[in-house]
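With these hints in hand, go ahead and build the complete structure from the sequences.
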Amino acid sequence: MKRTRHNRHQSTHHWSATLRRMLSPRTWLARHAQVALDSLGRLYRNPLATLMTAAVIGIALAMPACLYLLLNNMDRLSGAWDGQAGVSVFLKDTLPVAAAGKLASRVRGWPEVAEVTLVTPEQALEEFRQRSGFADVLDTLDENPLPAVLLVLPAPEQSDPQSAANLQNKLQALPETEQAQLDLQWVQRLTAMLALAQRGVLLISALLALAVLLVVGNTIRLEIQGRREEIVVTRLIGATDGFIRRPFLYSGTWYGVIGALLAWLLVETGFWLLASPVRQLADLYQSSFQLQTLPVLLLFGLLAGGILLGLLGSWIAVGRHLGTIEPG
Amino acid sequence: MLARDPGFRPATSIRATNDFMIRFDNVSKRYPGGFEALNNISLELEDGAMAFVTGHSGAGKSTLLKLIALIERTTRGQVHVNGQNVTSISRRRIPFIRRRIGFIFQDHNLLFDRTVFDNVALPLVIAGYRHQETGRRVRAALDKLGLLSKERMYPITLSGGEQQRVGIARAVVNKPLLLLADEPTGNLDPALSLEIMELFEQFNEVGVTVLIASHDTGLLDQLGYPVITLDHGRLAGAGQQSA
Ligand SMILES: Nc1ncnc2c1ncn2[C@@H]1O[C@H](COP(=O)(O)OP(=O)(O)O)[C@@H](O)[C@H]1O
Ligand SMILES: [Mg+2]
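Read top to bottom, the protein sequences are chains A and B.
Going by the numbering used here, the residue at position 173 of the first sequence is 173; the numbering climbs one at a time, nothing skipped.
Going by the numbering used here, the residue at position 147 of the second sequence is 147; the numbering climbs one at a time, nothing skipped.
There's no promise every hint is true.
So, partial list: chain A residues that the calculated Cβ filter (under 8 Å) puts toward chain B [stated by the list, open to error]:
no., residue
1, Arg31
2, Glu230
3, Thr234
4, Leu236
5, Gly238
I should point out that these hints are in silico values taken from the structure, not numbers from a laboratory.
Positions of the beta carbon are idealized from the N, C-alpha and C atoms, including for glycine.
What follows is the structure, given as structure tokens:
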């Protein structure tokens, strides 16, 4: 009987000590760090399988990231031209140069017009010769095929699409005009296309995210199957669901981190490869445009996406497969 | 008289459940297939006692131990462990009951991809012990079982008797109140079996309640502890085996 009392006293002491130990933040952190490192070690011992899963995540993250960045750059490009919408008025080629000059000053007097530039056929030809690289071909022509052009810029307060369209109609109605073309149109079309493309990127991203969840989920499922015996034994000696779940959730997280780093590498490499042709193209258009990748923001975005997908994928697998493994 | 004598008795009189490490009240266990492995079992095991469960193969010995460790759940009746009614305890709380029980299996259930040290440390890792404390306790347990020189080895390289001792070290490392052993000597020769039983006696002497399932009646006769005999899931007889 004495021994019994002693025993029970010991057991209460034992329990309060256990509780204190478990609630101590230092041991809590140390335990998580230990499990995280263990999980990383497991992945390191299976480099090929790990890289394959991480690569799927990497590619799935890199594709939407690339598309997004491209769209972002194109958006900047179209934004730069916004508000500079003008009307190009191609004059009839029967019109003498002097009459074209007079027409230019007349249109310059309109209240809705800010500026008019006259490009004579000779100037147009010269510019074309320099820019296009077709100088030799042009030299073989007997006659200048280019018409005189008026470049009409609307006044700033009249530069909205509707006013610009009205101006275009007014210019088209002039007897000297062959054709009045609104330069705004392609900007509007580009903007509309970009909006559509952004939707497309969202859709592709969602599909890729789903694929990543399936791949991570399947990888973790295999890992759980491989460690089935260990799960049963640890349950038998008092492991909680949380304890058993933890290494698999960390595995998923690591897949996400490695995948995000791979994706970042892919995106940066892709943009590095694109940068010099884009610069050449921009030079051709006398633009200072440069591709931008937003390195830090991109890295954080990819990491967040990777960790989220990895964790979610493993969470789903753990929820579906761990509950069925019970000792018995 | 009987009450002072730590040991097993059929539940005849109503007493405070606190005095018992294990108490079964009219417990039945029916497996999903419909087979009734235990039928209306009532028994009590005093705190600090050591006893055996015996019976033919399929009599329900393993089932009885599994009900105590909550590996299987009762179909009817009540099970108390260490004064606590665990009959319908929630799944979430089961791990904390199991941490106070050391379970020793016939096939040891060791993890073969880990060293002896890591196998024995597992219950302490689960309970969240500090690194140094874990090392200290694991070495103490290994020392007690004469395995200190094998701590870096893998279980596969050990003999059957050594593997069983590793299983025992893992069961006692967290200082459980109750030791359950299911055929712990099933694969061992008589000399080794007796050695293992002496180890259980030593743990019992420091206050651990011990319940061992075994069909080795020869060994039980030698030891002279209380014996619970099962026959097709029913209590066939109980009491002190003739010494
Ligand atoms: N998980 C199970 N499902 C169905 N029947 C089982 C299960 N486990 C054990 N049994 C049956 O219950 C009976 C008792 O089994 P057990 O407790 O293992 O007996 P013992 O350990 O005495 O040999 C046996 O007939 C066995 O076939
Ligand atoms: Mg059995």
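A quick look at each hint next to the structure:
1. Arg31: holds (6 Å)
2. Glu230: The hint holds - Glu230 (chain A) has a Cβ within 8 Å of chain B, the shortest such distance being about 6 Å.
3. Thr234: holds (6 Å)
4. Leu236: With Cβ-Cβ at 6 Å, under 8 Å, it holds.
5. Gly238: holds (4 Å)
Checked against the numbered hints listed earlier, the structure breaks none of them; every hint is satisfied.
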